[in-house]
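Taking the working numbering, the leading residue of the sequence shown gets 738, the next gets one more, and so forth.
Derived by calculation from the structure, the hints in this document are not laboratory data.
Check the hints yourself; a few may be wrong.
Here are the simulated lysine to aspartate or glutamate pairs, DMTMM-like style, with alpha carbons at most 20 Å apart [stated by the list, open to error]:
{"no.": "1", "residue 1": "1071", "residue 2": "979"}
{"no.": "2", "residue 1": "955", "residue 2": "1003"}
{"no.": "3", "residue 1": "1159", "residue 2": "805"}
{"no.": "4", "residue 1": "1221", "residue 2": "1102"}
{"no.": "5", "residue 1": "1334", "residue 2": "1319"}
{"no.": "6", "residue 1": "1394", "residue 2": "1384"}
{"no.": "7", "residue 1": "746", "residue 2": "805"}
{"no.": "8", "residue 1": "866", "residue 2": "892"}
{"no.": "9", "residue 1": "1396", "residue 2": "1104"}
{"no.": "10", "residue 1": "1202", "residue 2": "1150"}
Restraint ranges, calculated between C-beta atoms of paired labels, are given here [said to hold, decoys possible]:
{"no.": "11", "residue 1": "1430", "residue 2": "817", "range": "57 to 65 Å"}
{"no.": "12", "residue 1": "1209", "residue 2": "1028", "range": "38 to 46 Å"}
{"no.": "13", "residue 1": "1036", "residue 2": "895", "range": "44 to 52 Å"}
{"no.": "14", "residue 1": "1156", "residue 2": "1236", "range": "17 to 25 Å"}
{"no.": "15", "residue 1": "1351", "residue 2": "1084", "range": "50 to 58 Å"}
{"no.": "16", "residue 1": "757", "residue 2": "1153", "range": "26 to 34 Å"}
This one's a predicted model, so the numbers in the text were calculated from it and none came from an experiment.
No residue lacks a Cβ here, since even glycine has one placed at the ideal position from N, Cα and C.
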Amino acid sequence: MPKINAIPKFVRKRDGRLEPFSEEKIARAVEKAILAVSRPDGKVARSVANQVVTTVAEAYGRKIPTVEDVSDAVENSLMERGLADAAKAFILYRAERTKTRRIKEFFGVRDDLKLGVNAIKVLAERYLKKDGEGRTIETPSQLFRRVARAVAQSEQRYGGARDTVDESEETFYRMMANGEFLPNSPTLMNAGLPSGQLAACFVIPIEDSLDSIFDGLKAAAKIHQSGGGTGFSFSAIRPGGDIVRSTGGIASGPVSFIRLFDTTTDVIKQGGRRRGANMAILAVTHPSIREFVTAKADGKAFSNFNFSVGASDAFMRAVSRRGKISLVNPRSGKVSERVGARDIFDQIVTEAWRTGDPGVVWFDEIDRKNPTAHLGRIEATNPCGEQPLHAWESCTLGSINLSKIFDVHGRFDWAKLDYLVKTAVRFLDNVLDANNYPLPEIERATLANRRIGLGVMGFAETLIKLGIPYDSRRALLFGAKLIKRIRDVSSRASAELGRSRGSFPNFKGSLWAHRGYRAFRNATTTTIAPTGTISIIAGCSSGIEPLFAVAFVRNVMEGTRLLEVNPLFEEFAKKRGFYSSDLLFEIAAKGNLAGIKGIPADARRLFRTALEISPENHLRMQAVFQKYTDNAVSKTINLPAKATVADVRAAYLLAWKLKCKGITVYRYGSKPDQVLTLGTLDIIGQERHVTAESEFAGDCRGGVCNY
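Take the sequences, apply the hints, and build the full model.
Take a look at the structure:
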């Protein structure tokens, strides 16, 4: 580099702040531009950077240039070197950054953690604190600080000194700000605020009386208003056509009351930030089961509900041997009719093929694995099915971002995982005490069991970083090792908390007491949830789902769309020398790598997307995680549009045989308002691209639940 008398010490950023002038940063920007046209050359990048420094020094000396001044110098230097294609790539990069910056400014958020555009949108709309006029008055880091401070206060309840509280606050803050762990949405929304309702999952009991039904409706309204989701079993309600003795009238049946709950959910926007989500469950032996199974057939009704049939092993065995089952009136206990189990099952799988609903929940399997089975049978789950709960129970969830758990050598860091699991268990247990419960019944039931649900997100990226295809035996083995480790470490952490803070009140008679534990803090510690919007904030894939697309167009807001490319694929393509901007648009036209020339076979195998993976491989991954998960696993079993009813039938049967607690399928195109669309958006005049709505993260059927 030529001798320069004066080099600027600082550069002025667009928001007016100063940062040190860095030749290294310039070199990295140039190298990215060169890589974008598949010409990796560190020497050229360094040479161009030297020229840029010289140009800026000659023009400004000790004065302070702006970021735009330096960027202009980069463009000019690339053009002078005859690197016109690299200059074009840099210009496009600047334009994209400008667009991104303006979108963030539109949402009124100062991005102090350098998050993605979609993360900023989600935070602005759902999570960041607002003033009385609806203006955002909180940055992302301030949000995490608010949550960390509120949750850390629970340490005082157990004798924690001020320095212990402060230390916990800092630990919790770093874990969230680094994107290593995030709690469920209500905790992010409400911690440290007057509402203070922090739980995501609730089950409200519904009995066969108007008092119970409308008490349940009121409870659901309160929960939705505070950001939670609700699950109900309507199996106790007498069937349509049955007698109402008090009036001499005729009962309308459970489906009519589900409609009432759906309408109420429509008019109560959760916490002023999102609509409610519900799960409706009806026992397969209920006389109204046929009406329930077909209730969502038009694709429009019950848009705030997921439907699942509560099935038993006896029913599944009857399906296998073409036997009959009894439909029993819950009011009288009498058999109303005998029907073919296969007939009911075929109706279930046909409707699931058509609309994605109903799913199936196997309560026998849930009860076999329920640590608090001595309290009675569980009859309902939360909206996505991953959290079976007793009546009036709630649960707090959180997920570890696995893609952040790698050391400097690119190896999965098991010691860091252990640390995060132990810290997250303490965090979630603290949330139970920091929570402002919406009803006293919920507080009593929740604190009696102290269920928490620690899960994961970023599993797809983790497999890619390890070079393991999702639909491979190695992936199943890694998944089993991973979730077993999380279960074991979280159980030890809960036992330690039990010794220092006391066991959950229903510990006596529980599974943990029978296993010989002297103390245990939480009835459950693990849940695999569909992480939805929190995975968007963390910048990773949802739960244990595979990638839903390698490249796609995101509808950030009306009139604004951004091309999103999986960063691991970009890195892979650049290292292997087949990266180009044109390639990204070609991939975005279909979402996956199949049939695109110039892409190596190992890349196609490693970056397979959800619709390329067979239902059997989806289910085997779900079963592996279920084996070592206390609660349940929410995972969508994706099927292509051409899948048949027989394919859905086979998936449901396999899920039961693999001892899954439930199943959800989604056949592409089976919902009119689906949030991922293949090839329907023309953004450059000639190509049609995969598009995703702003809050879609590859999780949940129909996008009903975003926890």
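Quick rundown of the hints versus the structure:
Distance hint between residue 1071 and residue 979 is fulfilled; the C-alpha atoms sit about 12 Å from each other, no more than 20 Å. This hinted pair checks out: residue 955 and residue 1003 have alpha carbons roughly 14 Å apart, not beyond 20 Å. A C-alpha spacing of about 45 Å is found between residue 1159 and residue 805, which places the hinted pair above 20 Å, so the restraint is violated. About 19 Å separates the Cα atoms of residue 1221 and residue 1102, which keeps this hinted pair within 20 Å; it holds.
Pair hint residue 1334 plus residue 1319 holds up; C-alpha atoms about 12 Å apart against a cutoff of 20 Å. The straight-line distance between the Cα atoms of residue 1394 and residue 1384 is roughly 15 Å, inside the 20 Å bound, and the hint therefore holds. Note on residue 746 and residue 805: the hinted pairing holds, with a Cα-Cα distance of about 16 Å set against a maximum of 20 Å. About 25 Å separates the Cα atoms of residue 866 and residue 892, which puts this hinted pair outside 20 Å; it is violated.
Distance check on the hinted pair: residue 1396 and residue 1104 sit about 12 Å apart at the alpha-carbon level, within 20 Å; holds. Straight-line distance between C-alpha atoms of residue 1202 and residue 1150 comes to about 12 Å, which keeps the hinted pair within the 20 Å bound. Against the hinted window of 57 to 65 Å, the Cβ-Cβ separation of residue 1430 and residue 817 comes to about 44 Å, which falls outside the hint. A hinted range of 38 to 46 Å for the beta carbons of residue 1209 and residue 1028 is consistent with their spacing of about 43 Å.
Judged by the Cβ atoms, the range 44 to 52 Å given for residue 1036 and residue 895 holds: they are separated by roughly 51 Å. Between residue 1156 and residue 1236 the C-beta distance comes to about 20 Å, which sits within the given range of 17 to 25 Å. Here the CB-CB span from residue 1351 to residue 1084 is close to 25 Å, at odds with the stated 50 to 58 Å. In this structure the supplied range 26 to 34 Å holds for residue 757 paired with residue 1153, their Cβ-Cβ distance being about 30 Å.
Going through the hint list in order, the structure does not satisfy hints 3, 8, 11 and 15.
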